[in-house]
Amino acid sequence: MSQSSLRVEPAPHPRGGAGRFGRGRSGLGRHAPAWLAISPSLLAILIFVYGFALWTAYVSLSASRMVPDFALVGLRNYERMWGQDRWLVAAGNLVTFTALYVVVTLAVGLLIAILLDQKVRGETPLRTIFLYPAAVSLIVTGIAWKWLLNPGTGVEAFMRSAGWEGFAFDWIIRSETVIYAIVVAAVWQQAGFVSVLFLAALRGVDGEMVKAARLDGAGPIRTYWSVIIPAIRPAFISAGVLLVAFALKTFDLVVAMTAQGPGYASALPSTFVYDMAFQRNQLGMAAAGAISILVFAAIIVLPYVVWEFRKSDAR
Amino acid sequence: MDRSKSGLMAATALSALIALPVSAQDNSVSFLHYWTSGGEAAAVAEVRKAFEAQGGVWIDQAVAGGGGDAHDQVLRSRTLAGDAPGAAIPKASDAIEWARAGYIVDLEAVAAENKWDEILPAAFLPTIKLDGRYIAVPLFVHRFDSMWANAKLLADNGLEMPETWAEFNAAADALLAAGITPLAHGGQSWQDEILFEAVAIGVGGAEFFRKAFVELDQDTLRSDTMLAVFDQFRKLRGYVDANFSGRDWNLASAMVANGEAAFQIMGDWAKGEFSAAGLALGQDILCSGAPRDQPGGYAYVVNSLSFFSKQQNNPAASPGQELLAKVLLEPEVQLAANLAKGSVPAVKGLDLSSYDACAIKAAEYLAAADADGTLVPSVQGGTVNIASVRGAVIDTATAFFNSDMSSAEGVETLADALRDATE
Numbered sequence: 001m002s003q004s005s006l007r008v009e010p011a012p013h014p015r016g017g018a019g020r021f022g023r024g025r026s027g028l029g030r031h032a033p034a035w036l037a038i039s040p041s042l043l044a045i046l047i048f049v050y051g052f053a054l055w056t057a058y059v060s061l062s063a064s065r066m067v068p069d070f071a072l073v074g075l076r077n078y079e080r081m082w083g084q085d086r087w088l089v090a091a092g093n094l095v096t097f098t099a100l101y102v103v104v105t106l107a108v109g110l111l112i113a114i115l116l117d118q119k120v121r122g123e124t125p126l127r128t129i130f131l132y133p134a135a136v137s138l139i140v141t142g143i144a145w146k147w148l149l150n151p152g153t154g155v156e157a158f159m160r161s162a163g164w165e166g167f168a169f170d171w172i173i174r175s176e177t178v179i180y181a182i183v184v185a186a187v188w189q190q191a192g193f194v195s196v197l198f199l200a201a202l203r204g205v206d207g208e209m210v211k212a213a214r215l216d217g218a219g220p221i222r223t224y225w226s227v228i229i230p231a232i233r234p235a236f237i238s239a240g241v242l243l244v245a246f247a248l249k250t251f252d253l254v255v256a257m258t259a260q261g262p263g264y265a266s267a268l269p270s271t272f273v274y275d276m277a278f279q280r281n282q283l284g285m286a287a288a289g290a291i292s293i294l295v296f297a298a299i300i301v302l303p304y305v306v307w308e309f310r311k312s313d314a315r
Numbered sequence: 001m002d003r004s005k006s007g008l009m010a011a012t013a014l015s016a017l018i019a020l021p022v023s024a025q026d027n028s029v030s031f032l033h034y035w036t037s038g039g040e041a042a043a044v045a046e047v048r049k050a051f052e053a054q055g056g057v058w059i060d061q062a063v064a065g066g067g068g069d070a071h072d073q074v075l076r077s078r079t080l081a082g083d084a085p086g087a088a089i090p091k092a093s094d095a096i097e098w099a100r101a102g103y104i105v106d107l108e109a110v111a112a113e114n115k116w117d118e119i120l121p122a123a124f125l126p127t128i129k130l131d132g133r134y135i136a137v138p139l140f141v142h143r144f145d146s147m148w149a150n151a152k153l154l155a156d157n158g159l160e161m162p163e164t165w166a167e168f169n170a171a172a173d174a175l176l177a178a179g180i181t182p183l184a185h186g187g188q189s190w191q192d193e194i195l196f197e198a199v200a201i202g203v204g205g206a207e208f209f210r211k212a213f214v215e216l217d218q219d220t221l222r223s224d225t226m227l228a229v230f231d232q233f234r235k236l237r238g239y240v241d242a243n244f245s246g247r248d249w250n251l252a253s254a255m256v257a258n259g260e261a262a263f264q265i266m267g268d269w270a271k272g273e274f275s276a277a278g279l280a281l282g283q284d285i286l287c288s289g290a291p292r293d294q295p296g297g298y299a300y301v302v303n304s305l306s307f308f309s310k311q312q313n314n315p316a317a318s319p320g321q322e323l324l325a326k327v328l329l330e331p332e333v334q335l336a337a338n339l340a341k342g343s344v345p346a347v348k349g350l351d352l353s354s355y356d357a358c359a360i361k362a363a364e365y366l367a368a369a370d371a372d373g374t375l376v377p378s379v380q381g382g383t384v385n386i387a388s389v390r391g392a393v394i395d396t397a398t399a400f401f402n403s404d405m406s407s408a409e410g411v412e413t414l415a416d417a418l419r420d421a422t423e
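Residue numbers (UniProt numbering), protein chains in the order written: chain S, 1 to 315; chain X, 1 to 423.
Honestly, the hints are just simulated from the structure, not real lab data.
Where hints are given, some of them may not hold.
[Said to hold, decoys possible] Computed list of lysine to any residue pairs in SDA-like fashion (alpha-carbon distance at most 20 Å, straight line):
| id | chain 1 | residue 1 | chain 2 | residue 2 |
| --- | --- | --- | --- | --- |
| 1 | X | Lys235 | S | Ser175 |
| 2 | X | Lys235 | S | Arg174 |
| 3 | S | Lys146 | X | Asn243 |
| 4 | S | Lys146 | X | Lys235 |
| 5 | X | Lys310 | S | Asp69 |
| 6 | S | Lys146 | X | Trp190 |
| 7 | S | Lys146 | X | Asp248 |
[As the list claims (entries may be wrong)] Coverage of chain X stretches by chain S, computed from C-beta distances (three or more under 8 Å per stretch; other residues unrestricted):
| id | stretch |
| --- | --- |
| 8 | 139-151 |
| 9 | 182-193 |
We put the beta carbon where it would ideally sit given N, CA and C, even for glycine.
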């Protein structure tokens, strides 16, 4: 094995490492300790994430009801699921919820971060206050907001007792609006966390660049819009990816806040899957729901992944 | 060579250690259940006391979680892994699936010796027997279509406990006019369904209910009677307060207890809330079946124990399982356990003088309904034989109650959902 082939290789690259695997004993040998170190977690992920995802895909095509049944029935579970109003409501809610939750949380988080960045006095306690909701369990958030938004006990009752008789804020008890009530609670939970991500990014923006913009006569809004926000684009991407992941796995918030009601108007695919698997003995349909969530996640995340790979290839 | 030999010896010793207690404890039964709240735990303690007094060894394996989802999940994973508990409490529809899969032991010897066929209400037998063999042993009987009322509110407004839906509507209109919420209700899907079920039995009668929800007869499901059921169900929507969405059932009971609302239609477990509030059942709180336009009818759920085999298709019951099965249907055990839980005994003809007025009344209804064949299995209680039927009825009832769907649309949605549920 020639030493020279090793020398012409580019310097080890964090993303390129995987691609070098198996190109010759020298490459393997050089990376062996690294491979050894990550192999337990790699193996665990292969089995427990990808292995079980494949297993779920298989179950979704099987006749499983209360117990797994390996007879294949094709797409029957998917057909039955898409024929159910409950699933259609849940799938629609996921799209609405994910879109609103991600966009509003990013906007509110950015706003809080910008306001905190104005060299205000007492920034540290304020930051803690805004970050605090993220430390609260979603069950607690759900129950607190359930009471706050209930017209009989919460904001509406308070405003009316304070003299504003016509005040109405009854989103949570109306089928058409309940999903927005869930978005409100979810945004409250995560906006502070996102603002901390943004604040860290804002602190990293080159001061010279901001000064240059000011010298060129840009006002504060223009400076933020055209200089600072483009500079913190990576923070948007990390926050956005985190929020999409949070949105897709939202479960406990709905269970605590509305128990999927009124009716099943605030059901999400995750609660649908739980019901089918654990309450209704429909393992096959539950698996079909789970695979549908996976597909939905892939549709959102795939462009990002492709873009990431392109970027690393270009380097 | 030497090493493998000693390894073999260690393994043998270890397996002997594991095997030993099993052969020594023939009378042991591990019991997987979720009866952990106050009254439920007291009821289980009564069974355990009697079982141990007769030489049984009780291994308690309680899984918290009132609805039983956690229990069902543990039961499923343990049974499939070859480690089924000795006894568990699956819903009737699940017990049938477990029996079909070959995991329920044979108790025919105990059943014959103790004359189960004679001491149990005939109407229960189809839900606890499969192909002529017992697959579940009933312990508690609950009534789902019960109605509770605040006696003082009714008296103040010159009202009696309504017996038909027409009387109920008249009483509710009078209460509305007096500014009182007629019906305390919690808008959670299962509570919407309980209300729907009570209306279906009351308006259509027991025979209609059986044809619709047990036999899933499409003509009955699309009949004018079903339309009338949805009409009455829609009427009830006008009798609940504006804030009913998402309310827990015990908070709805509290509204009746506090005099904020007049009636509640809820299973007989609600009486625990009224007793806890210091109200006398039969005096401060009136109880009866939900209103009915047809005579008879009683929607029951039996909480039963099913006995599991660790090996598939090996139906031999252990001595401990046979002992526990026998103990469960002994009159003293039935009386003590049901008194503690607030339900009524499954065994017929017991002396209930120690029970409260509402329970005595419920037991009388039960006996009468059994005699005239109007005892129907509750859909909500999972007593109807197909699990997906329960889900389909819950979905339709809750979607209808929380929207402005017309009765005709309700009928069609329900009939379509039940047609698909049996596939």
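The hints, checked one at a time:
Taken as a hint, the Lys235 (chain X) and Ser175 (chain S) pair is honoured in the structure, with Cα atoms around 19 Å apart against an allowance of 20 Å. Restraint check: the Cα-Cα separation between Lys235 (chain X) and Arg174 (chain S) comes to about 19 Å, which is no more than 20 Å; the hinted pair holds. With a C-alpha separation of about 12 Å, the suggested pair Lys146 (chain S) and Asn243 (chain X) falls inside the 20 Å cut-off, and the hint holds. Taking the CA atoms of Lys146 (chain S) and Lys235 (chain X), the gap is near 27 Å; set against the 20 Å cutoff, the hint is violated.
A distance of roughly 19 Å separates the Cα atoms of Lys310 (chain X) and Asp69 (chain S); the hinted pair therefore holds under the 20 Å criterion. Between Lys146 (chain S) and Trp190 (chain X), the direct Cα distance comes to roughly 19 Å. Compliance with the 20 Å bound is thereby established for this hinted pair. Straight-line distance between C-alpha atoms of Lys146 (chain S) and Asp248 (chain X) comes to about 12 Å, which keeps the hinted pair within the 20 Å bound. For a cut-off of 8 Å, the count of residues in the stretch 139-151 of chain X with a CB near a CB of chain S stands at 0, and the three-residue condition is violated.
Only when three residues or more bring their CB closer than 8 Å to a CB of chain S does the claim for the stretch 182-193 of chain X stand; here the count is 4, and the claim holds.
Taken one by one, the earlier hints fail for this structure at numbers 4 and 8, listed in ascending order.
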